[in-house]
Every structure is written in structure tokens, then in C-alpha cells.
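Listed here are the chains, written in short residue letters.
Number of protein chains: 2
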Amino acid sequence: MDGQDAALILEQARTMVDPVLRAAIESLPGSMRRVALYHFGWEHADGSPAAGNAGKAIRPALVLTAAAALGGRREAASRAAAAVELVHNFTLLHDDVMDRDTTRRHRPTAWTVFGDADAILAGDALQALALKLLTEDPHPASATAAARLASCVIELCEGQHADTAMEKRGPGEVTLDECLAMAEAKTGALLGCACALGALYAGGSAEDVEAMDAFGREAGLAFQLIDDVIGIWGDPSRTGKPAGADLVARKKSLPVVAALASGTPAATELAELYAVPYDEAQEGALERTVLAVERAGGRDWAQLQAADRMARAIHELSRAVPDPEAAGGLLSLAEFVTRRTT
Amino acid sequence: MDGQDAALILEQARTMVDPVLRAAIESLPGSMRRVALYHFGWEHADGSPAAGNAGKAIRPALVLTAAAALGGRREAASRAAAAVELVHNFTLLHDDVMDRDTTRRHRPTAWTVFGDADAILAGDALQALALKLLTEDPHPASATAAARLASCVIELCEGQHADTAMEKRGPGEVTLDECLAMAEAKTGALLGCACALGALYAGGSAEDVEAMDAFGREAGLAFQLIDDVIGIWGDPSRTGKPAGADLVARKKSLPVVAALASGTPAATELAELYAVPYDEAQEGALERTVLAVERAGGRDWAQLQAADRMARAIHELSRAVPDPEAAGGLLSLAEFVTRRTT
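If you're matching them up, the sequences are chains A and B in order.
70 is the number of the first residue of the first sequence in this note's numbering; add one for each residue after it.
70 is the number of the first residue of the second sequence in this note's numbering; add one for each residue after it.
Looking at chain A on its own, in the form it has when it is part of the complex (with noise of 0.2 angstroms):
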């Protein structure tokens, strides 16, 4: 199993992929370069070396794990995996922004740190870096894979409005159905795209390419299904948010809207609650509040859907790569993402 597992696989993809990403970095000019170095990690805010925490880089080692998968070469995919992981950052640091989040991977946020506009301006000069990247790259795939990726922007565009717009609306007027295009656009696309550039990047078909995509789409939607369930029922020494921190902040989560449209008692207690602020003074409002989504059946839904997800992932993967040994490595990376209830 050398090789497959996912542990391993992150950790060789950050190898393959830092490299290539901290020279786009440090390509920058000074303002962007700053606040790109400090938001990767590498730096911090007064500009001296840190250790560096980037996250897990799923999304790259999705686009090296497809590749592979596909006969492709690894290393001749490093720098699509560095244009995914770019697009990935520009868009935390523009959601962050807008949704005035304070804090990410445990430190204050690029605009609490260095304000609004240039942490707008380091989002869009990694949107560009991101596709220079890629169109800068001799190999045959390039062009087709910016345009994928390029399309995919668009796509995440239109997953954070729909985000932004949702929790702005009563609890009872959005639909599960809304909730979950929502987030396959914010989540899955950019995994679906991860593994579809891995694929071109391959040379494989364009049912490869569009079954690839198919698989990091509904792997994506299980992590965010299980995502949603640790919002609610995570282990706060281990999410390092407080417990029930969605609940807190009345997040409309996949759980929480497949217990709001379930047409039980506990739905409509739950609206009831979800109805006004969230008030720590009120004692056993949070715990009341966990037993609703849990009464209405919001967290077995969620980890129902969550299976039903992983199953429809593997089919669409096991179309691609018939091959269980060559699939191996996608499929450690997919059980890996939605592995962490556990």
C-alpha cells in the first residue's frame, strides 16, 4: 500500500507543490507578496519567517493523485496543482472579507492584519498568478486546463454569493435543495476540478476528464456534508472551534436545513430557536438546540447523504480508472476528507 496512503499522499504533494507555489509567491510585488506570505503561513504580520501552515493541501494532491491515477506524471502536473491551490487561497482571502471572519488555520485574518483593500488586492493577484501559472506552462493540457479553471472561478463566485445571500434569508425560506447546490459550487467544483486538471494533465478522454470531475464533485459534497456535522457535534479540543459554533452563529448548515424542512415536532422547535439570536444567558439554549437538529434527523440525514455521496464518488472514479490499484490513491484521499467524525 506504499504510496496510497493519504497521510503520505498530502505530504508528498506538499513537497512536490510548495516549491512551485512560494516562487509564484515571491514573484509578487512587495504589497501582494506580503500578505500572500502571511496568509500561506510563511510569514508573520511583521514579516519575519514562520514555520508555515497552508492547510492540507487536498486540492493539490488531487490533481498530482489524478494524474497518476491516469498514467500520467506526477511532477509534470506540479504546477496545475499549484494554480488549484492558488485559486483556493484567493478565495478565502476575498470570502474572509466579505464574511468579516476573523480568524483561519488559527490566526487573525489577512484584513484584520493588513485591511480590506489589500487583502482584496492579494485575492485578485492570486486569481492572476494562478492562471499565469498555468498558461505559462509548455505542457499540451495548459490551455484547456486554465480555461477549466477559469470557468471553475466563476463557479465559486456563484457558490459564495448564493452562501452570502442564504444566511441572510429566515430560516424557513431556504430550501435543501438550494443548500446543497450551494455547496457543491462553493466546495465541490474546486475538487471536481482539481481531479479534472489531474486527468487532463494526463492526456486522459473527456469522459475521463468529466468522470474525474463527477468524483471530486460528490467527494466534495460528502466533506462538506461531515464538515457540517463537526460545525454541530465536533470535538472542540480537535476542530479547535467551540462546540456547536454553527449552531451559535445560526448557520444555515446542510443539517440544519434537512432538520428545518423534516416536518417533525423538533423541526418546528428548532425554527423557533433559529427565530432569534443565540443568547448564552439562557441556560441549555445550545444543548437544546443540538437535540432538535438531532431529533429532526438533520445529523442522520447528513450522514446518510454524506455515504450516499462517497458511493456515487467511487462510481464515478471506478469509470475513469477501472483499475482498484491505479484508483487507490483518490480513493484514500476521498475516505480521508470525510474520514474525520471518527
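Treat each hint with caution, since some may be false.
[Stated by the list, open to error] Computed spacing ranges between beta-carbons, pair by pair:
1) Ala318(A) x Glu95(B): 32 to 38 angstroms
2) Ser274(B) x Gly99(A): 30 to 36 angstroms
3) Lys237(A) x Pro305(B): 38 to 44 angstroms
4) Glu349(A) x Arg238(B): 55 to 61 angstroms
5) Pro177(B) x Gly239(A): 27 to 33 angstroms
6) Pro177(B) x Asp377(A): 45 to 51 angstroms
The set of hints was computed from the structure by calculation and includes no laboratory data.
From a predicted model like this one, the values you see are computed outputs, not experimental measurements.
C-beta: ideal position from N, C-alpha, C; glycine also.
Once you have looked at the hints, place chain B on chain A.
Same frame as chain A, now just chain B:
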């Protein structure tokens, strides 16, 4: 002189590029399409159709006319022209958010109508759309053009950063060189890139492409210098802005920074005036500020500098296009954008 007249060239560029631009924008998901159609003047805020007032199409006209000057077909470069216009408008959307500007092309800016988040997302989507248009273009120059446009976006971001950072500093802390470098990055870079893309699409040599870029950059600087002159001495009935608007806002425009750096008694007076916010209750305060910039030589410097930049632009153009007949269209455009004081 048929086809050499700037107004005619601009009108023809609009006619050729608008359908490409419009189709690209119509392909966006609903939320971003709405913001973009509003920003381009094709829809009112309520979504009803509008006559359209998307600016003068100078950048698309430069792409098409540069291509034609080097023997290329205008039509073949229409996607590249639309891509440059999309990038320009993506930066306008984001700059307006950062600068809190409330008026653009005589209408409320997009963020005042749709909120910061949707204006940022629409800008992000327009950047992606620009790169998508180019990378999906089957033209042999499209990948090189896309990489060049992506590099240009990074330079535009740096220019906007420098502009924002400069406005926060004291009037005596900004040098003329910094101010010129900012204007080159913020305005010159995209005009240069437009001409370079035209050259690339015409199959021009590397030297032609660089000379065309330099032509556009120098013409862009001349344009910015004249624009800054208009911002102080322009006729309000023609500019649509109140007289001396840039001085009222204490803007460190090029004539102001040149005046401050002149070492004259008028420079000292100007520095004192700029040290405190404009107070309209103070009789004659604006007139005194205008006069101080003039006496310190700010107006003369800007006009001489603009003429010098135009001379350099014409020299660069003659390197790429020695035949004056072939260069006529680009000369007309360069003169058009710098002619607006007369």
C-alpha cells in the same frame, strides 16, 4: 483618412466588441450577470434594460487597431479586445469598493446598489471571464496573450495598492518618481497590454510586441497627466465633476506632487493648505490652492511631461510600425485620449 479618425475607430471597436462582451457576460450565473450588466450600463438597478454607457472602449480599440497596424485582421482579435475590457471593468468594480467611490459613469457604483460582497464577486468573475475568453480562443497567440494579461492584472493590483497607500501618507512624503510609477502601473500597464495583445494577435515579433507595449504605456502616462490636469483645471460643464474636485479631496495627483516638490514659496503654501482638510466655509480656499499649484509650476510640468510622454509613445510606435499610414489609427487614438483639454 477613412478609418483613421479616433471617434470612428472607437465606434467601430464598440460595434465589434460589444457582442462578444455581452455574450460573455450573459454566460455568467444570475447574481454576477446582474451586477455586470448594471456596471456596464446595459441594465438599470431593477434589472430593466438600459441604453448602455460602458465608457469609450479605448482599450478594446487599442487591441484591434494595434493588430491592424501590424497587418492582422481586426476581427481575429475581438476576443482579446473583449478580454482587456473585462479586466478593466473588473478593476473598476474592485477599486470603487476599496475607494468607497459612489459615482461611476454618472451612475451609483455597483457596491452602493448591490453591496460590497456582490461587487467583489462580480469583479472576481469578470477577471475569470477575461482569462476564460482568451484561453478558449483557438487563435495561436491566445495562450501567450492570456499569460501577458494575467501579468498585467498583477501590475494593476500593485498600482491600486500604491495609490491607496500614497493617499494615506502626508503630502510631503510622496515623491514624484513614486507617483509616476503608480500611474504607470495603474493606467499605463493596461493600455500597454492592450497594444501588446493586438501585436501578438497580428503575429508580431517579440520586438514589435514590446515596442507596442511601450507605446501604450507612454500614451497611458500622457493620458493620466492630462486627466490630472483636468481634475484641477477642467471645465465642470464638460467633465461632469465639480471644479477642482481633486484638490478638494486633497488628492496627490501628478501636478500636485510636482508642485510640492518644486522647492518654491508656492510649494510651501500648497503644503500648508494640503495639511488640513478642505473647508468650504473658508472664502477663496479652493482658488488659492489652484493658484499655488499653478505658481509652483505643477500645471506647466504636467503639460510638458505629457507632451514628452507622447513623443516617447510616437517614437516607440515608429519602431513597431514604421509606415505612418499604418500607424495612423494608433496615433489618432493616442491623440484622442490626451486631447481632452483643448
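So, going through the hints one by one against the coordinates:
1. Between Ala318(A) and Glu95(B), the C-beta spacing of about 36 angstroms keeps the proposed range 32 to 38 angstroms intact.
2. Distance hint check: the CB atoms of Ser274(B) and Gly99(A) are about 32 angstroms apart, consistent with the given range 30 to 36 angstroms.
3. Remark: the range hint 38 to 44 angstroms for Lys237(A) to Pro305(B) is upheld by a beta-carbon distance near 40 angstroms.
4. Taking 55 to 61 angstroms as the suggested C-beta distance range, the pair Glu349(A) and Arg238(B) does not conform, at roughly 44 angstroms.
5. Distance hint check for Pro177(B) and Gly239(A): the Cβ-Cβ separation is about 28 angstroms, which falls inside the suggested range of 27 to 33 angstroms.
6. Hint check: Pro177(B) to Asp377(A), Cβ distance near 46 angstroms, so the stated range 45 to 51 angstroms holds.
Hint 4 alone, counting from the list given before, is not met by this structure.
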